[in-house]
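Asks: The residues making up each chain are set out below.
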Amino acid sequence: MPSVNSSKPVITGYGCVTPLGVDVESTWTGIIEGRTARSPISAIEVQGCRVTEGAQAILPEIPSLSKKQLSRLSRSSRLALPAVEEALQMAGLLDSRGTSIYPRIEMSISTTACGMEMGEQFLNSIWQDHGQGQTAKVAHYQAQQQVSEIHRHFRFHGPAMIVANACAGGGNAIGHAADLIRADMADIVLAGGYDALCELVYAGFDSLQTLAPDACRPFDRGRRGLMLGEGAAFIVLESEAHAEKRGATIHARVAGYGQTTDTFHLTQPSQDGKPLEKAMRQALQEASLSPSDIGYVNAHGTGTPFNDGAEGKAFANVFEGHSTRLSSTKSAIGHTLGAAGAIEALICIKALQTGILPPQINLQDPEPLVSKALVKMDERADLKAAISVNLGFGGSNAALLLTRP
Amino acid sequence: MRIGILSSGAVTPGCIGVESLDSPWPQKLVVSGSGKHSYNASLVDQSLPEITRWGKEPRLRRASPIAYYMTEAASQALSAVPDINLSRTGVIASFFLGCLVYSVRFYKQMTTEGRRFASPILFPETVFNSPVSHLVSTLGTSGPVYSQVGDKSCWANSLRTAECWMRRGNVDNVLLIGAEEFDPYQLDAFHSAGWMRGNGLVPGEGAGAILLTSKPSDQSVILAGLSDGYCYSSKSEALAAGVECLAAHPRESKVMPTATGWVQQVESKVVGDRMLSGISHPFCEASTASAVWDTIRAAKLINQGLTQELIVPYWGLSQQFGAARLTAPSFTS
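Protein chains in written order, with the working numbering: chain A, 94 to 498; chain B, 18 to 350.
Think of the hints as simulated: they come from the structure by calculation, not from any bench. Warning: the hint list may mix true and false statements.
Unchecked claim - Examples of chain B residues toward chain A, derived with CB under 7 Å:
no.: 1; residue: G131
no.: 2; residue: A135
no.: 3; residue: G278
no.: 4; residue: W279
What the hints assert, rightly or not - Here are some chain B residues the structure puts well away from chain A; computed CB gaps all over 12 Å:
no.: 5; residue: A110
no.: 6; residue: R132
no.: 7; residue: R133
no.: 8; residue: S285
Said to hold, decoys possible - As a list, the in silico DSS-like pairs of lysine-lysine whose alpha-carbon atoms are at most 27 Å apart:
no.: 9; chain 1: A; residue 1: K230; chain 2: B; residue 2: K252
no.: 10; chain 1: A; residue 1: K160; chain 2: B; residue 2: K53
no.: 11; chain 1: A; residue 1: K465; chain 2: A; residue 2: K406
no.: 12; chain 1: B; residue 1: K73; chain 2: A; residue 2: K161
no.: 13; chain 1: B; residue 1: K125; chain 2: A; residue 2: K230
no.: 14; chain 1: B; residue 1: K232; chain 2: A; residue 2: K230
Quick reminder that beta carbons are idealized off the backbone N, C-alpha and C, glycines included.
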C-alpha cells in the first residue's frame with residue numbers, strides 16, 4: 094500500500110492510572126509480580142448483577158484542585174488527569190506551574206463511556222424528581238467535557254479526535270496520532286484513552302453473561318469471561334525531528350499500525366481470526382518488519398471463549414514457527430475498554446525497555462494453539478519490537494507495532 | 018492534496034434526500050422525558066419506506082433509529098457513484114449523542130426491573146460504534162472505520178481524519194456521516210444546560226453523508242481548508258475562539274450562517290458583514306447531522322454558481338468550533 098512516510102512518530106512520555114497502581118511504575122511492578130486487581134466492586138452499584146467483582150482503581154489525589162472542583166469532575170476525568178500529567182511531565186512538556194509549555198497540542202483519545210455516571214445521575218435525578226442542580230451535571234457526561242477538563246487543567250487547546258471504536262479505541266487513538274505525524278499534519282500529539290466503571294456498562298456486560306464469575310483466565314481452556322476494569326493511559330507522540338529539536342528523550346517508536354473491521358457479528362469476532370490477522374500484517378508491513386522480529390504480543394485476551402479463540406488463531410496464523418511470546422494483561426488489570434489499547438501499548442513500552450515479559454497469570458489449562466507461546470513468570474527477552482492488539486464491539490480491530498528507540 | 022466532494026445523501030425531518038435541505042421542515046411540540054417541559058422538535062418520519070426498508074437487513078433489524086438514518090444517507094451517497102472501489106473507501110461516523118434512545122431504554126430497564134433483567138439484546142446497540150458497524154456490514158465497504166464523538170464541531174475533526182487517511186494513501190475515498198437520533202430526555206438535558214432559554218433552538222434528528230475523494234473531477238466542490246480545535250469553556254471565551262477559528266481562513270471569504278441557539282450571538286459578532294446574505298439559518302439543531310447538512314447546502318450553493326467559495330462554520334454548543342472552506346472546482350485564490 095503506498096503511503097506518505099516522511100515523519101517518524103516517537104514516544105517521549107507516557108503515564109497511566111490503572112487498578113494496579115496510580116502511575117506507570119506501580120502498574121508495571123504489579124504486572125511483573127503477577128498480581129491481579131480483582132476485588133469486590135464498591136465504586137458503583139452492582140447489586141443484583143450475576144457477578145459483583147472487577148478491577149477498580151484507587152483515584153489518585155489531584156492536589157492542585159479544590160474539593161469543590163474535584164466534586165465536579167467525572168470519575169473518568171479523575172482517572173485521566175493524573176495519567177495525562179505523568180505523560181506530559183515525562184515528556185518535559187510541563188512548566189514549573191504544571192501547565193503546558195505549548196499553547197496548542199493536538200489530542201487523539203478514546204473512550205466508550207465518557208463520563209457516564211453523570212448521565213446516569215441525570216436520569217436518576219429526573220426519575221427521583223431532584224432539582225435542577227443535579228440535572229445540570231449532564232453537561233459533564235460527554236467526552237468533549239473530559240477533553241475540556243484536560244485542556245483547562247494543563248492550559249492548552251487544539252484539535253481533539255475522540256474515537257469511540259469500542260474496546261479497540263485506545264489502539265486506534267495512538268495509531269491515528271502516529272498517522273497524523275506521518276502525514277505531516279501534526280508535530281506532537283497527546284494520545285490515549287480512559288474509561289471509568291459505571292453502572293450501565295457493568296450491567297450491560299453482566300447481561301451478556303460475559304463477566305467471569307471467578308478469576309479471569311485469558312487463553313485458558315476453562316476461561317469463563319472477562320473482568321471489567323477502569324483506568325487511563327496517555328502517550329506523548331512526536332515527530333522524531335520535533336523531539337530531537339527540543340532535546341526530548343525518545344523512549345520508543347510507533348513503527349506500525351493496522352486497523353480492520355470485522356463484519357462477522359456485532360459482538361463476536363470472526364472465528365478464523367482473519368480480520369485481526371490482517372490488522373497485524375498491516376502493522377508489520379508499515380514497520381517493514383517480519384513476524385520473526387516481534388518478540389512479544391500483548392493480546393486483547395479478554396478471557397471470553399469467542400475472543401480468545403479467534404485471537405489465538407490470528408496469533409498462530411501470523412507467528413507460528415517463530416519464538417514470539419504472548420500474554421494478556423487483562424487478567425491483572427481488567428478490561429478497561431476505551432483505555433485498554435493505551436494501557437497495553439504502555440505495557441509493551443515497558444517490556445521493550447526492561448526486557449521483562451508480562452506473565453500470563455491465572456493459567457491452569459492453556460489453549461493448545463498458543464500454549465507454548467504464553468509468557469511464564471520471570472521471563473526475559475531481548476526485545477526489538479512488540480505488538481499490542483485490541484478488538485472491539487462492532488468488529489473494530491487495531492494492531493500497534495512498537496519498537497525500541 | 019486536492020480533496021473533493023463526490024456525492025452526498027441526507028435523511029432530514031423534512032424528507033429523504035439532499036433536496037429536502039432547502040425547504041423548512043415540520044416541527045411539533047414534544048413533552049420532555051420528565052414531563053416537565055414542552056418544546057418544539059423537528060423529527061424524522063420513521064414510517065417512510067426509505068427508512069423502513071432497512072429493517073429487512075439482518076444486521077439492522079434490532080438497531081436503533083440512528084442506524085437506519087445513517088445507512089439510508091450513506092446509501093444515497095454511495096449509489097450516486099456506482100463504480101467506486103469499496104475496498105479503498107474508508108468510513109467515518111460522527112456523533113454527538115449516539116444511540117441515545119436505546120441507552121435511555123436500557124438504563125431505565127436495569128434500574129426499574131433489576132440489573133439481572135437488563136436486556137442483552139439492547140446493550141450492544143447502545144455502543145457508539147454499533148450503528149456504523151451495521152452500516153459497513155450492510156453497504157459492504159472494507160476500508161478503515163472510525164466512530165468519532167464530540168459536539169457539532171467534531172465534524173471538522175472527522176474531515177481532518179479523512180484528509181489524514183487520504184494523505185497517507187490508505188484510501189481513495191472516505192464516506193463521512195453525521196447522525197443523531199432524538200429522545201424526549203434530550204429536552205430535559207438541553208433545558209438543564211440552559212440551551213433552550215429564549216433563543217428558538219429546535220432540537221432535531223437525522224443524518225447526512227458526503228463521499229470525499231482524493232481524485233476530484235472538474236465538477237467536484239473542493240475542500241480547500243479546514244480549521245479545527247478552537248475550544249472554549251465559557252460563553253465569554255467562545256467569542257475569542259470563534260474569531261480565531263475564522264481567522265484561519267481568507268478574510269474576504271463569505272461565511273454561511275450555520276449557528277443555532279445561544280451561539281447565534283457569537284456567530285453574529287464574529288462573522289459580521291462576511292455572512293452570506295439570503296441564506297436561512299438551519300431549520301433545527303441536529304448537531305453532527307446538521308454539520309453535514311450545512312456542508313451539503315454550501316456545496317450546492319457553490320454548484321449553483323451563487324458563490325465561488327464559502328466558509329462553513331461548525332459551531333459546537335458545548336466545547337469548540339471548527340470550520341471548513343469549500344471552493345468551486347475552478348476557483349483559485
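Asks: The structure should be examined with respect to each hint, and the outcome stated for every one.
Replies: The hints, checked one at a time:
1. G131: holds, 5 Å
2. A135: holds, 4 Å
3. G278: Hint on B/G278: violated, closest Cβ of chain A at ~14 Å, above 7 Å.
4. W279: violated, 13 Å
5. A110: Not fine: 9 Å to the nearest Cβ puts B/A110 too close to chain A.
6. R132: Answer for B/R132: violated, closest chain A Cβ roughly 4 Å.
7. R133: violated, 5 Å
8. S285: holds, 23 Å
9. A/K230 with B/K252: Since the Cα atoms of A/K230 and B/K252 sit roughly 18 Å apart, the hinted pair holds (cutoff 27 Å).
10. A/K160 with B/K53: Outside the cut-off at roughly 32 Å; violated.
11. A/K465 with A/K406: holds, 14 Å
12. B/K73 with A/K161: Violated, at roughly 52 Å.
13. B/K125 with A/K230: holds, 18 Å
14. B/K232 with A/K230: Status violated; Cα separation ~46 Å.
Of the numbered hints stated above, those contradicted by the structure are hints 3, 4, 5, 6, 7, 10, 12, 14, listed in ascending order.
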